[in-house]
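Protein chains in written order, with the numbering used here: chain A, 1 to 158; chain B, 1 to 954.
Hints were generated in silico from the structure; no laboratory data involved.
Here the structure is a predicted model, which is why all the values come from computation and not from measurement.
From the three backbone atoms N, C-alpha and C, an ideal C-beta is built for every residue, glycine too.
Worth double-checking, as some hints may not be accurate.
To be verified - Okay, derived cross-link-like pairs now, DMTMM-like style, lysine to aspartate or glutamate, Cα gap no bigger than 20 angstroms in a straight line:
1) Lys293(B) to Glu216(B)
2) Lys11(B) to Glu22(A)
3) Lys57(A) to Asp218(B)
4) Lys486(B) to Asp441(B)
5) Lys114(B) to Glu149(A)
6) Lys73(A) to Glu93(B)
7) Lys382(B) to Glu45(A)
8) Lys57(A) to Glu93(B)
9) Lys39(A) to Asp385(B)
10) Lys293(B) to Glu97(A)
11) Lys912(B) to Asp852(B)
12) Lys73(A) to Asp332(B)
13) Lys165(B) to Glu22(A)
14) Lys136(A) to Asp247(B)
15) Lys939(B) to Glu28(A)
16) Lys270(B) to Asp332(B)
Said to hold, decoys possible - In silico contact screen, one side only, chain A against chain B (beta carbon under 10 angstroms); selected entries:
17) Gln14
18) Tyr21
19) Glu90
20) Trp102
21) Ser105
22) His119
23) Gln151
Unchecked claim - These stretches of chain B come out as covered by chain A in the derived footprint (C-beta under 8 angstroms, 3 or more residues):
24) 298 to 304
25) 376 to 389
26) 459 to 469
27) 924 to 938
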Amino acid sequence: MAISFLLMVNKQGQTRLSSYYEWISLIERNALESEIIRKCLSRSEFQCSFVEYRGYKVVYRRYASLFFIVGTKLSKDGNDNPENELGLLEFIHNLVETMDKWAGSICELDIMYSLELIHFLLDEMVQNGHIVESNKMNVLRPLDLMERESQKAESIYR
Amino acid sequence: MAMKLRDLIRKVRACKTAAEERAVIAKESAMIRTAIREEQEHYRHRNVAKLLFMHMLGYPTHFGQLECMKLIASPHFPEKRIGYLGMMLLLSEEADVLMLATNSLKNDMNSQNKFISGLALCTIGNLATADMSRDLAPEVDKHLKSGMPYLRKKANLAMARCLTKCPDMVEDFVDRVVTLLKDKNHGVLITVVQLMTQVLMIDLKNAEEEGENPFETDCRKAFLRLVPMLVKMLRNLLSSGYSPEYDVAGISDPFLQVQLLTLLRLLGTKNEKASEEMNDVLAQVATNTESSKNAGNAILYECVQTIMGIESEDGLRVLAVNILGRFLLNRDNNIRYVALNTLSRCIKEQQETIDGSVPTESANTASAALQKHRNTVVDCLKDPDISIRQRALELIYYMVNQENVEALTAELLNYLVLCPREHRSDICTRILRVVERFSPDDRWRVDTLITMLTIAGREASREVQSAAVIYISRSGDDIHAYATHKLLKAIRDDDGSQRGLLVVGIWCVGEYGDHLLSPYSYTPSPGPGETMNGAPVSITFMALDPLSVVQAVETVTKRHSCPDYIKERALTCFAKLCDRFANKGDAAALTLLQNLIKQHEVSHSLELQLRACEYDALVNATKGIKTVVKKPEAEPDLFGVTDNGNTGEGVSASVINAAKEALSRMPVVDLKVLDKKREEAFGDIPMPKAKLAAPAPAGSGDLLDLNDMFGGTAAPAPAQNGGAEAPKSDLDLLTDIFAASSVAPVAPVGGGGGYDPFGAAGPVAAMPAPTNPLDIFGAPPTISATMPVPPAVGNPLDIFGAPPAAVPMATPVSIPMAPMMDAPAPAANASVVVPGFTHEGLTIEFECSKPDIWNKQSSELIAKCTNASSDAMYGFNLQCAVPKYVTMEMEPPTSTTIPVTGMNTAKVVTQKIKVTNSQLGTKNLMLKLKVSFTLQGRKIEHLATCGGFPAGEY
């Protein structure tokens with residue numbers, strides 16, 4: 001039903017951000033990530049953005065050199081309540097737009113160097129694999145306030 | 001002084017090789033561990049941030065777990081923040097340290113600072129365990145009534161998590177949601193709708209476990225009362241016009257709309273009243289949603305699923321199917337993929353309900369609406385994206401019915417031409433199913449099958465080939481003639497690569513060769529629904545002369561690439577043609593036929609040699625000539641069996657008749673055989689080895705005797721390769737047909753005495769170097785009086801000499817065909833399954849068979865791995881050790897990942913092992929196994945010994 005994992009991976013297959021909403025062991029994570037990115041990379045832009053892999057439905061979208069990949073679990077007995085693939089695609093776009101607004105124009109290095117900040121942003125939008133908030137302002141305003149709160153102690157703790 | 005996260009990232013980026021990166025990380029890990037040990041509070045926050053980065057790269061970070069716990073207890077916000085983040089990312093639900101966090105979480109939730117409570121709620125939502133949920137649920141519940149939407153929305157999802165972990169708490173929270181649904185904030189709404197969805201699913205599970213009716217629970221009843229409220233909410237979203245806050249491409253909050261529709265689907269399932277209440281709003285969504293943008297399509301897609309899932313009106317269902325039809329025309333591949341997927345799901349569900357109960361009106365209407373979009377679906381078969389093509393194909397199989405079978409099968413055949421080769425076999429099997437179920441008449445069926453074989457004879461499975469033969473033989477004489485003419489033409493046009501076609505074609509030419517000698521024409525009558533343009537086109541085949549027919553088949557066998565099994569079929573064909581063309585006055589053809597058979601008497605392939613010799617004898621017998629096989633020059637005359645040379649004496653009339661019957665047209669195969677084959681192939685029920693699959697109406701006299709006799713001849717052959725008790729017999733149907741035909745006419749003979757020698761034919765065949773078989777039998781030489789027995793090497797005609805003279809002559813002529821034909825089949829297929837071991841859900845079984853009938857020492861073991869655990873196993877590695885007297889060869893496994901057996905796409909992982917036991921008979925095969933794999937992150941190794949192979953055979 002819900003999102004199982006969210007990845008941001010670049011064209012070289014390096015993971016830039018990963019967030020799992022169900023526990024997968026480290027070894028399996030590594031295998032999963034590398035195989036999914038290989039699958040996504042091998043598809044042309046004329047092919048659809050959905051891949052089924054190891055019991056997951058993977059929805060991906062490419063922005064410049066960065067792949068945004070969202071995986072949801074396929075239910076075991078087949079078909080009841082599958083996640084809305086188009087909805088997930090829309091959510092990815094919403095996430096990218098929010099990040100764009102947050103950083104001006106987001107790029108791979110921004111994501112990489114402000115790892116924890118992106119995670120904070122993501123936590124405002126997704127919780128336990130469910131969407132919490134899709135409004136950019138409602139996501140960014142608390143983030144901004146929290147950031148200011150942190151800044152106070154910045155000199156000591158960073 | 002520890003470096004900053006930024007510096008670490010920079011350092012890692014500068015690494016040129018993976019080894020360099022590992023070194024940097026190892027060094028940094030060591031530094032962090034030291035810092036932890038020395039309690040460097042000041043850097044705790046920075047170290048956890050670095051661990052997050054290392055964790056993302058896939059390095060172990062377990063040593064940092066306790067640091068997170070310390071951070072969240074800190075009074076400073078930045079430390080708390082990173083501590084909670086570290087907890088969510090680094091810890092698993094199972095981690096013991098999680099318990100330590102319960103108290104901090106409780107304190108933080110009661111904090112005055114909304115961000116601190118928010119962090120705690122978020123953490124609970126992401127990783128609360130059952131125990132934590134029980135402890136913290138009251139605090140989370142307080143926040144459901146909080147004044148701040150920021151906390152309400154987080155509390156909703158945190159509560160959803162708590163309830164999933166402790167399903168028994170569900171009932172207490174049902175009434176809370178009513179007030180939350182009145183909220184103005186979209187964030188709260190979307191989360192509460194998701195909370196309700198979760199609660200319903202938990203409730204469904206609870207009811208199922210307790211054996212209640214899942215659609216009558218208190219919780220569901222309470223939620224059903226809210227349906228009007230949900231409907232109103234959805235309607236407000238539709239009509240609110242432009243609301244900049246949650247607008248996506250002109251649609252107000254598509255995410256909320258999608259979630260609402262999902263919830264409505266759950267509530268409307270199997271509930272007439274609720275479905276009725278939402279009918280209107282669903283129609284409104286379906287008609288008013290803008291479909292030019294992805295967001296709109298996501299809503300429409302969800303709406304269609306809801307309409308299909310609930311007890312909606314017929315009109316609405318048609319509307320939904322039409323939306324999918326529009327999706328199919330969309331140029332965006334994503335949307336077409338979704339449409340095809342949904343359509344096949346709908347139609348599958350429909351068919352299931354139709355199969356289960358009386359067809360309902362609504363189901364018929366929706367599928368009728370679907371049929372309108374047939375052409376669109378068919379067009380998707382021509383799409384460049386393979387995943388679209390595959391989905392379309394799937395859908396088409398479901399769409400076929402009596403009315404459209406001809407058109408759709410034509411499309412499937414077209415696709416068969418274009419599709420990648422690896423899919424062809426599967427498509428052939430599917431076309432066969434379609435043809436079996438919906439064929440309007442015999443001619444069309446036969447026609448389709450022949451066309452299919454012409455296109456994909458190479459890839460068609462043996463099952464498909466056998467089915468084609470059966471369907472041809474079951475139809476009338478007219479179709480026989482048509483099919484044979486058509487097949488002969490196809491064989492001539494073919495370059496020898498479509499082997500399935502050759503097998504079927506050659507069989508038909510042999511069986512119905514006489515039809516080829518007369519011209520054939522057929523004018524299709526225009527069907528009642530068809531409109532014919534101009535005169536109907538008639539199909540005409542010219543009459544052929546026997547010689548050209550024989551030459552056509554000869555060309556096939558003369559090709560370099562022609563495999564033995566086709567030559568075998570061709571020999572049978574030649575023998576039959578001798579009978580079919582006997583009175584047609586074409587001596588040249590007959591001579592050619594006999595020469596062609598004789599050519600193979602010296603073949604290197606034993607099977608071909610056997611067949612050739614026997615058929616030659618059979619053909620001669622029909623002419624009243626005794627077969628005399630020339631004694632090889634070098635062979636000493638061991639038994640004083642003197643060869644009379646060219647004996648001119650004839651054989652008795654009964655022999656001639658029996659031989660003629662053996663070659664005459666075979667009885668029609670019962671369809672039950674086909675079904676049975678399928679059961680055997682697909683079902684796992686161990687079946688006794690039923691050799692005589694084909695009931696033989698021709699020999700109606702004494703069927704039981706026939707059974708006995710057949711059983712008697714067949715049993716020794718598998719016994720000697722240890723396959724008698726094999727559960728499955730996937731014998732090629734064609735083999736069965738031939739076997740049946742050759743035996744059927746002799747049924748009346750039926751006596752018991754003469755079979756033992758044939759039973760003994762098995763061991764002869766198994767000898768690595770066949771010497772004179774007469775040695776073994778020790779048959780008295782006097783027997784040669786009844787039929788001259790030349791001591792030809794390996795010639796099974798030898799055993800003719802063995803039966804006591806009292807046995808009627810007809811028996812030796814035709815019975816040997818049975819073991820001869822059957823021998824290769826059990827050798828290839830009969831197998832024993834030996835359990836290896838079961839460990840941690842992994843079960844290994846060995847399917848043992850003798851690949852080489854002539855060499856008993858070598859056997860082939862196929863290790864089949866099944867996974868009964870809940871997760872896939874990775875890095876599977878099987879090692880084998882054998883005793884000194886055994887040599888072994890192992891092939892790599894088909895995959896190193898063993899998926900959970902029984903899952904959607906799970907395939908059985910197999911590994912082939914070839915063993916040769918040099919001391920067969922005195923010592924048994926033993927295996928020592930060492931297996932290793934990773935399951936749920938644990939590396940598992942297991943040692944086992946396997947010695948359960950049947951004694952004396954392996």
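Here's how the hints hold up against the structure:
1. Only pairs whose Cα atoms come within 20 angstroms are accepted, and Lys293(B) paired with Glu216(B) is rejected, the gap being roughly 39 angstroms.
2. A hinted pair counts as satisfied when its Cα atoms are at most 20 angstroms apart, and Lys11(B) with Glu22(A) does not qualify at roughly 31 angstroms.
3. At most 20 angstroms may separate the alpha-carbon atoms for a hinted pair to count; Lys57(A) and Asp218(B) exceed this at roughly 34 angstroms.
4. Among the hinted pairs, Lys486(B) with Asp441(B) is consistent with the structure: their alpha-carbon atoms are about 17 angstroms apart, no more than 20 angstroms.
5. Straight-line distance between C-alpha atoms of Lys114(B) and Glu149(A) comes to about 12 angstroms, which keeps the hinted pair within the 20 angstroms bound.
6. In summary, the hint linking Lys73(A) to Glu93(B) is supported, as the alpha carbons are separated by about 18 angstroms, within the 20 angstroms threshold.
7. Note on Lys382(B) and Glu45(A): the hinted pairing holds, with a Cα-Cα distance of about 18 angstroms set against a maximum of 20 angstroms.
8. Distance hint between Lys57(A) and Glu93(B) is unfulfilled; the C-alpha atoms sit about 23 angstroms from each other, more than 20 angstroms.
9. Straight-line distance between C-alpha atoms of Lys39(A) and Asp385(B) comes to about 15 angstroms, which keeps the hinted pair within the 20 angstroms bound.
10. The straight-line distance between the Cα atoms of Lys293(B) and Glu97(A) is roughly 16 angstroms, inside the 20 angstroms bound, and the hint therefore holds.
11. The straight-line distance between the Cα atoms of Lys912(B) and Asp852(B) is roughly 15 angstroms, inside the 20 angstroms bound, and the hint therefore holds.
12. For the given pair, Lys73(A) sits about 24 angstroms from Asp332(B) by alpha-carbon distance, which is inconsistent with the 20 angstroms threshold.
13. With a CA separation close to 13 angstroms, the supplied pair Lys165(B) and Glu22(A) stays within the 20 angstroms bound.
14. A threshold of 20 angstroms between alpha carbons decides the hint, and for Lys136(A) with Asp247(B) the separation of about 11 angstroms falls inside it, so the pair holds.
15. The hinted pair formed by Lys939(B) and Glu28(A) meets the criterion: a straight-line CA distance of about 12 angstroms does not exceed 20 angstroms.
16. Restraint check: the Cα-Cα separation between Lys270(B) and Asp332(B) comes to about 34 angstroms, which exceeds 20 angstroms; the hinted pair is violated.
17. Hint status for Gln14(A) relative to chain B: holds, with the closest Cβ pair at about 9 angstroms, below 10 angstroms.
18. Interface hint at Tyr21(A): satisfied, since its Cβ lies 7 angstroms from the closest Cβ of chain B, which is below the 10 angstroms cut-off.
19. Because the closest C-beta pair between Glu90(A) and chain B is about 5 angstroms apart, less than 10 angstroms, the hint holds.
20. A least Cβ separation of about 16 angstroms between Trp102(A) and chain B goes past the 10 angstroms threshold, and the interface hint is therefore violated.
21. For the restraint placing Ser105(A) at the interface with chain B, the shortest Cβ-Cβ distance is roughly 20 angstroms, beyond the 10 angstroms limit, so the hint is violated.
22. For His119(A), the shortest C-beta to C-beta distance to chain B is roughly 6 angstroms, which falls under 10 angstroms, so the interface hint holds.
23. Hint status for Gln151(A): holds, given a least beta-carbon distance of 9 angstroms to chain B, under 10 angstroms.
24. Requiring three or more residues with a Cβ within less than 8 angstroms of a Cβ of chain A, the coverage given for the segment 298 to 304 of chain B holds, as 3 such residues are present.
25. Counting residues of the segment 376 to 389 of chain B whose beta-carbon sits less than 8 angstroms from any beta-carbon of chain A gives 5, enough to reach three: the coverage restraint holds.
26. Counting residues of the segment 459 to 469 of chain B whose beta-carbon sits less than 8 angstroms from any beta-carbon of chain A gives 0, not enough to reach three: the coverage restraint is violated.
27. For the segment 924 to 938 of chain B, the stated coverage by chain A is satisfied: 3 residues place a CB nearer than 8 angstroms to a CB of that chain, which reaches the threshold of 3.
Hints 1, 2, 3, 8, 12, 16, 20, 21 and 26 from the list above are not met by this structure, while the remaining hints are.
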